[in-house]
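J.: Spelled out from the first residue to the last, the chains are:
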Amino acid sequence: DSGVTQTPKHLITATGQRVTLRCSPRSGDLSVYWYQQSLDQGLQFLIQYYNGEERAKGNILERFSAQQFPDLHSELNLSSLELGDSALYFCASSPRGDGGTYEQYFGPGTRLTVT
Amino acid sequence: AQSVTQLDSQVPVFEEAPVELRCNYSSSVSVYLFWYVQYPNQGLQLLLKYLSGSTLVKGINGFEAEFNKSQTSFHLRKPSVHISDTAEYFCAVRNTGGFKTIFGAGTRLFVKA
Chain A
102 DSGVTQTPKH LITATGQRVT LRCSPRSGDL SVYWYQQSLD QGLQFLIQYY
152 NGEERAKGNI LERFSAQQFP DLHSELNLSS LELGDSALYF CASSPRGDGG
202 TYEQYFGPGT RLTVT
Chain B
2 AQSVTQLDSQ VPVFEEAPVE LRCNYSSSVS VYLFWYVQYP NQGLQLLLKY
52 LSGSTLVKGI NGFEAEFNKS QTSFHLRKPS VHISDTAEYF CAVRNTGGFK
102 TIFGAGTRLF VKA
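Residue numbers (this note's numbering), protein chains in the order written: chain A, 102 to 216; chain B, 2 to 114.
Keep in mind that a hint or two might mislead.
[Stated by the list, open to error] Not close to chain A: a few residues of chain B, all C-beta gaps over 12 Å, as computed:
| no. | residue |
| --- | --- |
| 1 | V14 |
| 2 | E21 |
| 3 | Q43 |
| 4 | G44 |
| 5 | Q46 |
| 6 | L49 |
| 7 | S55 |
| 8 | K59 |
| 9 | F68 |
| 10 | K70 |
| 11 | S74 |
| 12 | T97 |
| 13 | G105 |
[What the hints assert, rightly or not] Residues from chain B that face chain A, not an exhaustive set, calculated with beta carbons under 8 Å:
| no. | residue |
| --- | --- |
| 14 | F35 |
| 15 | L47 |
| 16 | Y51 |
| 17 | K101 |
| 18 | T102 |
| 19 | A106 |
| 20 | R109 |
Since the hints were made in silico from the structure, they are not lab data.
Don't be surprised by glycine CBs; every beta carbon is placed ideally from N, CA and C.
Turn these sequences into a full structure, and let the hints steer you where they fit.
T.: Set out below in structure tokens:
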């Protein structure tokens with residue numbers, strides 16, 4: 102158990118809908134990262150937040166947004182969903198914003214299915 | 002810009018045989034290197050990491066990796082695999098002064114009885 106929690110575990114929704122994925126980092130970790138994992142694209146970095154502020158952006162679509170709250174939990178919002186958004190979405194956390202010598206601790210993921 | 006190449010997408014191997022999963026990276030600056038493992042229906046977890054010092058790094062579950070700066074490689078090895086090692090393995094790199102970790106495409110290790 103990494104100490105990172107994600108809810109929900111599974112999510113099934115229709116095209117055009119909007120969903121929110123939630124992540125709670127390990128106790129004491131200030132950075133949260135979001136990743137998308139699909140069969141055709143592999144593991145793609147979406148976005149990083151550090152202590153409430155956006156720190157780095159990867160291949161995140163404009164239809165997707167995220168935020169980190171004062172209690173350090175984070176939410177990833179996916180809107181106008183398309184079939185191609187079906188994937189596993191992972192959250193990871195680490196103690197520092199610059200990574201340092203630390204690895205990332207991954208949650209169990211949310212499996213999103215868009216029908 | 003950094004990049005990571007995992008040279009094999011799938012590696013089938015018999016139980017108790019040795020295995021090597023290959024990883025090459027490119028970066029113009031010093032890097033930290035990581036290997037993560039993802040078991041079926043789980044998140045990624047750290048196997049081992051190279052930060053500095055000895056180029057041979059030992060990790061969990063009997064895995065080890067060797068950092069080769071001249072060949073920009075960080076290959077993962079295990080002398081004798083078990084069925085339970087069946088999983089996907091990801092190599093990752095981060096600049097020592099940076100905050101973005103780049104992951105490779107993954108290598109699926111399949112251990113056969």
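J.: Give a verdict on every hint.
T.: Hints versus structure:
{"no.": "1", "hint": "V14", "in the structure": "22 Å, holds"}
{"no.": "2", "hint": "E21", "in the structure": "21 Å, holds"}
{"no.": "3", "hint": "Q43", "in the structure": "6 Å, violated"}
{"no.": "4", "hint": "G44", "in the structure": "4 Å, violated"}
{"no.": "5", "hint": "Q46", "in the structure": "7 Å, violated"}
{"no.": "6", "hint": "L49", "in the structure": "9 Å, violated"}
{"no.": "7", "hint": "S55", "in the structure": "15 Å, holds"}
{"no.": "8", "hint": "K59", "in the structure": "15 Å, holds"}
{"no.": "9", "hint": "F68", "in the structure": "14 Å, holds"}
{"no.": "10", "hint": "K70", "in the structure": "18 Å, holds"}
{"no.": "11", "hint": "S74", "in the structure": "20 Å, holds"}
{"no.": "12", "hint": "T97", "in the structure": "9 Å, violated"}
{"no.": "13", "hint": "G105", "in the structure": "8 Å, violated"}
{"no.": "14", "hint": "F35", "in the structure": "6 Å, holds"}
{"no.": "15", "hint": "L47", "in the structure": "4 Å, holds"}
{"no.": "16", "hint": "Y51", "in the structure": "10 Å, violated"}
{"no.": "17", "hint": "K101", "in the structure": "5 Å, holds"}
{"no.": "18", "hint": "T102", "in the structure": "6 Å, holds"}
{"no.": "19", "hint": "A106", "in the structure": "5 Å, holds"}
{"no.": "20", "hint": "R109", "in the structure": "11 Å, violated"}
The structure is inconsistent with the numbered hints 3, 4, 5, 6, 12, 13, 16, 20, although it conforms to all the rest.
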